[in-house]
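Engineer: In terms of this note's numbering, the sequence shown is residues 225 to 309.
Hints were generated in silico from the structure; no laboratory data involved. Glycine included, C-beta positions come from ideal geometry on N, C-alpha and C. You may find that some hints are simply not true.
[Stated by the list, open to error] Restraint ranges, calculated between C-beta atoms of paired labels, are given here:
no. : residue 1 : residue 2 : range
1   : Trp-253   : Pro-295   : 32 to 38 Å
2   : Arg-254   : Glu-281   : 18 to 24 Å
3   : Ser-296   : Arg-248   : 31 to 37 Å
4   : Met-225   : Ala-288   : 16 to 22 Å
5   : Ala-238   : Arg-259   : 16 to 22 Å
6   : Ile-226   : Trp-264   : 15 to 21 Å
7   : Leu-235   : Asn-278   : 26 to 32 Å
8   : Trp-253   : Phe-294   : 30 to 36 Å
9   : Ala-250   : Ser-296   : 33 to 39 Å
10  : Met-239   : Arg-276   : 16 to 22 Å
11  : Val-232   : Trp-279   : 17 to 23 Å
12  : Ala-238   : Arg-276   : 27 to 33 Å
13  : Ser-231   : Arg-276   : 21 to 27 Å
14  : Asn-278   : Ala-238   : 25 to 31 Å
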Amino acid sequence: MISVDTSVAHLAAAMGKPVWLLNRFAGCWRWLRDREDSPWYPTVRIFTQSQRGNWDEVLARVAAALVQHFPSQGRYRDEFPPLVT
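Hey, can you work out the whole structure from these sequences and the hints?
Structural biologist: Following this line, the structure appears as C-alpha coordinates:
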(Lines of atoms letter the chains of each structure in order from A; the text may use other names.)
(Lines give C-alpha, C1' and ligand atoms only; values in the text may rest on other atoms or scores of the structure.)
Protein backbone atom coordinates (compact mmCIF):
# COMPACT_ATOMS: atom_id res chain seq x y z
CA MET A 225 0.00 0.00 0.00
CA ILE A 226 1.23 3.52 -0.73
CA SER A 227 0.05 6.13 1.75
CA VAL A 228 0.85 9.26 3.66
CA ASP A 229 1.16 9.01 7.45
CA THR A 230 -2.35 7.96 8.49
CA SER A 231 -3.96 5.43 10.81
CA VAL A 232 -4.55 3.23 7.76
CA ALA A 233 -0.80 3.09 7.07
CA HIS A 234 -0.12 2.22 10.72
CA LEU A 235 -2.80 -0.50 10.69
CA ALA A 236 -1.51 -2.07 7.47
CA ALA A 237 2.06 -2.01 8.79
CA ALA A 238 0.97 -3.52 12.12
CA MET A 239 -0.65 -6.34 10.13
CA GLY A 240 2.65 -6.95 8.35
CA LYS A 241 1.46 -5.67 4.98
CA PRO A 242 3.93 -3.87 2.71
CA VAL A 243 3.58 -0.11 3.14
CA TRP A 244 5.38 2.62 1.24
CA LEU A 245 4.99 5.72 3.36
CA LEU A 246 5.14 9.19 1.82
CA ASN A 247 6.60 11.19 4.70
CA ARG A 248 6.68 14.96 4.95
CA PHE A 249 9.85 16.91 5.64
CA ALA A 250 10.35 17.06 9.42
CA GLY A 251 7.64 14.42 9.77
CA CYS A 252 6.41 12.65 12.87
CA TRP A 253 9.07 11.48 15.31
CA ARG A 254 7.95 7.86 14.83
CA TRP A 255 9.59 7.75 11.41
CA LEU A 256 12.95 8.92 12.75
CA ARG A 257 15.39 10.80 10.52
CA ASP A 258 17.62 9.70 7.66
CA ARG A 259 16.01 6.26 7.44
CA GLU A 260 14.00 4.41 4.84
CA ASP A 261 12.89 1.72 7.27
CA SER A 262 11.09 1.55 10.60
CA PRO A 263 12.21 -0.30 13.72
CA TRP A 264 8.54 -0.76 14.67
CA TYR A 265 7.23 -1.90 11.30
CA PRO A 266 9.60 -4.14 9.31
CA THR A 267 7.40 -3.99 6.18
CA VAL A 268 7.47 -0.18 5.87
CA ARG A 269 9.60 1.67 3.36
CA ILE A 270 9.75 5.42 3.98
CA PHE A 271 10.02 8.05 1.25
CA THR A 272 10.69 11.39 2.97
CA GLN A 273 10.68 14.84 1.40
CA SER A 274 14.19 16.28 1.09
CA GLN A 275 12.76 19.79 1.36
CA ARG A 276 9.52 21.12 2.78
CA GLY A 277 6.64 21.01 0.29
CA ASN A 278 8.53 19.13 -2.44
CA TRP A 279 6.36 16.12 -3.23
CA ASP A 280 7.58 15.89 -6.84
CA GLU A 281 10.89 14.36 -5.78
CA VAL A 282 9.15 11.90 -3.44
CA LEU A 283 6.74 10.77 -6.17
CA ALA A 284 9.60 10.39 -8.65
CA ARG A 285 11.42 8.09 -6.18
CA VAL A 286 8.23 6.08 -5.61
CA ALA A 287 7.70 5.76 -9.38
CA ALA A 288 11.28 4.52 -9.83
CA ALA A 289 10.84 2.06 -6.96
CA LEU A 290 7.61 0.75 -8.50
CA VAL A 291 9.39 0.06 -11.80
CA GLN A 292 12.14 -1.80 -9.90
CA HIS A 293 9.62 -3.72 -7.79
CA PHE A 294 7.50 -4.72 -10.79
CA PRO A 295 10.01 -4.95 -13.66
CA SER A 296 7.73 -6.93 -15.98
CA GLN A 297 5.22 -4.08 -15.86
CA GLY A 298 7.81 -1.67 -17.27
CA ARG A 299 6.81 -2.61 -20.80
CA TYR A 300 3.68 -0.45 -20.36
CA ARG A 301 5.44 2.61 -18.97
CA ASP A 302 5.66 4.36 -22.38
CA GLU A 303 1.88 4.21 -22.77
CA PHE A 304 1.23 6.51 -19.82
CA PRO A 305 2.26 10.10 -19.19
CA PRO A 306 4.94 10.68 -16.54
CA LEU A 307 3.71 10.95 -12.95
CA VAL A 308 5.75 14.07 -12.34
CA THR A 309 6.62 16.69 -14.90
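Engineer: Taking the hints in turn, state whether each one holds.
Structural biologist: Quick rundown of the hints versus the structure:
Distance hint for Trp-253 and Pro-295: a CB-CB separation of about 35 Å, consistent with the stated range 32 to 38 Å. Judged by the Cβ atoms, the range 18 to 24 Å given for Arg-254 and Glu-281 holds: they are separated by roughly 22 Å. Between Ser-296 and Arg-248, the C-beta spacing of about 32 Å keeps the proposed range 31 to 37 Å intact. For Met-225 and Ala-288, the Cβ-Cβ distance of about 18 Å falls inside the hinted range of 16 to 22 Å, so the restraint holds.
One distance hint, 16 to 22 Å for the beta-carbon pair Ala-238 and Arg-259, holds here, with the actual separation near 18 Å. At about 19 Å, the CB distance of Ile-226 to Trp-264 agrees with the hint of 15 to 21 Å. One distance hint, 26 to 32 Å for the beta-carbon pair Leu-235 and Asn-278, holds here, with the actual separation near 28 Å. Between Trp-253 and Phe-294 the CB atoms are about 32 Å apart, so this pair conforms to the stated range of 30 to 36 Å.
The hinted range of 33 to 39 Å is satisfied by Ala-250 and Ser-296, whose Cβ atoms lie roughly 37 Å apart. Remark: the range hint 16 to 22 Å for Met-239 to Arg-276 is contradicted by a beta-carbon distance near 31 Å. Roughly 19 Å separates the CB atoms of Val-232 and Trp-279, a value that falls within the hinted 17 to 23 Å. Evaluation of the 27 to 33 Å hint for Ala-238 and Arg-276 yields a pass: the beta carbon distance comes to about 28 Å.
Between Ser-231 and Arg-276 the C-beta distance comes to about 24 Å, which sits within the given range of 21 to 27 Å. Checked against the hint of 25 to 31 Å, the C-beta distance between Asn-278 and Ala-238 comes to roughly 29 Å, which is consistent with it.
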